[in-house]
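Student: These are the residues of each chain, in order.
Protein chains: 2
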Amino acid sequence: MTRKKLAECNCSLADAMNSLGTKWKPIIICAIGKKTLRFGSIAALIHIISRKVLTEQLKELVADGILLREEHKEVPPRVEYSLSAKGLELLPIFKQLETWEQKYKKCD
Amino acid sequence: MTRKKLAECNCSLADAMNSLGTKWKPIIICAIGKKTLRFGSIAALIHIISRKVLTEQLKELVADGILLREEHKEVPPRVEYSLSAKGLELLPIFKQLETWEQKYKKCD
Chain L
23 MTRKKLAECN CSLADAMNSL GTKWKPIIIC AIGKKTLRFG SIAALIHIIS
73 RKVLTEQLKE LVADGILLRE EHKEVPPRVE YSLSAKGLEL LPIFKQLETW
123 EQKYKKCD
Chain F
23 MTRKKLAECN CSLADAMNSL GTKWKPIIIC AIGKKTLRFG SIAALIHIIS
73 RKVLTEQLKE LVADGILLRE EHKEVPPRVE YSLSAKGLEL LPIFKQLETW
123 EQKYKKCD
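First to last, the protein sequences are chains L and F.
The working numbering applies: residue 23 is where the first sequence begins, and numbers increase by one.
The working numbering applies: residue 23 is where the second sequence begins, and numbers increase by one.
Isolated chain L, as found in the complex (with noise of 0.2 Å):
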């Protein structure tokens, strides 16, 4: 593999490790899936996270462009979170990482 090559690589999937190298992003995309949520649901699907951690991720998600934040114009106001189409992409080869590590798991 040449260095340019591997560069053009590295540099897209390090920039995608990037916007999803911490264990909770994945989590996160992986609980909403296809649903439409809101934050009190998201917490309390992945209750090992928290509140705080779960607030910056999904702020990290919607600014990466992979999740959707809607305010809805109600009182007191109701806010929804679901995946982009861009996060929805995500959701096979996640289900292909978690397949490997049972696979593997198995064999360990």
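Hints listed in this document are in silico derivations from the structure and should not be mistaken for laboratory results.
Any given hint might turn out to be false.
To be verified - Quick look at which bits of chain L chain F covers, simulated, 3 or more residues with Cβ under 8 Å: (1) 48-56; (2) 102-113.
What the hints assert, rightly or not - Going by beta-carbon spacing under 10 Å, a handful of chain F positions derived as facing chain L: (3) M39; (4) W46; (5) V84; (6) L90; (7) V101; (8) K108; (9) E111; (10) L112; (11) K117; (12) W122; (13) Q124.
Computed from a predicted structure; not experimentally measured.
Note that the Cβ used here is the ideal one computed from N, Cα and C, for glycine as well.
Using the hints, position chain F against chain L.
Tutor: The following block gives chain F in isolation, referenced to the frame of chain L:
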């Protein structure tokens, strides 16, 4: 998705991200690919990682069964790295992550 299923999903996905979660590991795995390389060649290919960090990451990848480390009893001793079957199965998954990143990089 029931809590139990999510716990399973989280656990494997979290385990997978735990063993892969740093941005370096996918890049190292991608750089080694289907080749057998010595430390120096890996370091030269991925010049953006310090030798200290690369040494730690290779050790973790070997401990996780993703990377094979072969020591040839020569003078001086020769050590070579190559991906295990477990490691090789990650290449197509990372390829999809790269394609995903490149696809949406054009749209951003």
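Student: Next, verify each hint and record whether it holds.
Tutor: Now for the hints, and whether the structure bears them out:
1. Against chain F, the segment 48-56 of chain L contributes 5 residues with a C-beta closer than 8 Å to a partner C-beta. That satisfies the three-residue criterion, and the hint holds.
2. For the segment 102-113 of chain L, the stated coverage by chain F is satisfied: 3 residues place a CB nearer than 8 Å to a CB of that chain, which reaches the threshold of 3.
3. For the restraint placing F/M39 at the interface with chain L, the shortest Cβ-Cβ distance is roughly 4 Å, inside the 10 Å limit, so the hint holds.
4. Because the beta carbon of F/W46 sits about 8 Å from the nearest beta carbon in chain L, less than 10 Å, this interface hint is met.
5. Because the beta carbon of F/V84 sits about 14 Å from the nearest beta carbon in chain L, more than 10 Å, this interface hint is broken.
6. With its C-beta approaching chain L no nearer than about 14 Å, F/L90 sits outside the 10 Å limit, and its interface hint is violated.
7. About 21 Å separates the beta-carbon of F/V101 from the nearest beta-carbon of chain L, more than 10 Å, and the hint is not met.
8. Proximity of F/K108 to chain L holds as hinted, the smallest CB-CB distance being about 5 Å (cut-off 10 Å).
9. The interface hint given for F/E111 holds, since its Cβ lies 6 Å from the closest Cβ of chain L, which is under the 10 Å cut-off.
10. With a cut of 10 Å, the hint placing F/L112 at the interface with chain L holds, because the nearest CB-to-CB distance is about 7 Å.
11. Proximity of F/K117 to chain L holds as hinted, the smallest CB-CB distance being about 9 Å (cut-off 10 Å).
12. For F/W122, the shortest C-beta to C-beta distance to chain L is roughly 6 Å, which falls under 10 Å, so the interface hint holds.
13. The restraint placing F/Q124 at the interface with chain L holds, with a minimum CB-CB distance near 5 Å, inside the 10 Å limit.
Hint violations for this structure: numbers 5, 6, 7, all remaining hints satisfied.
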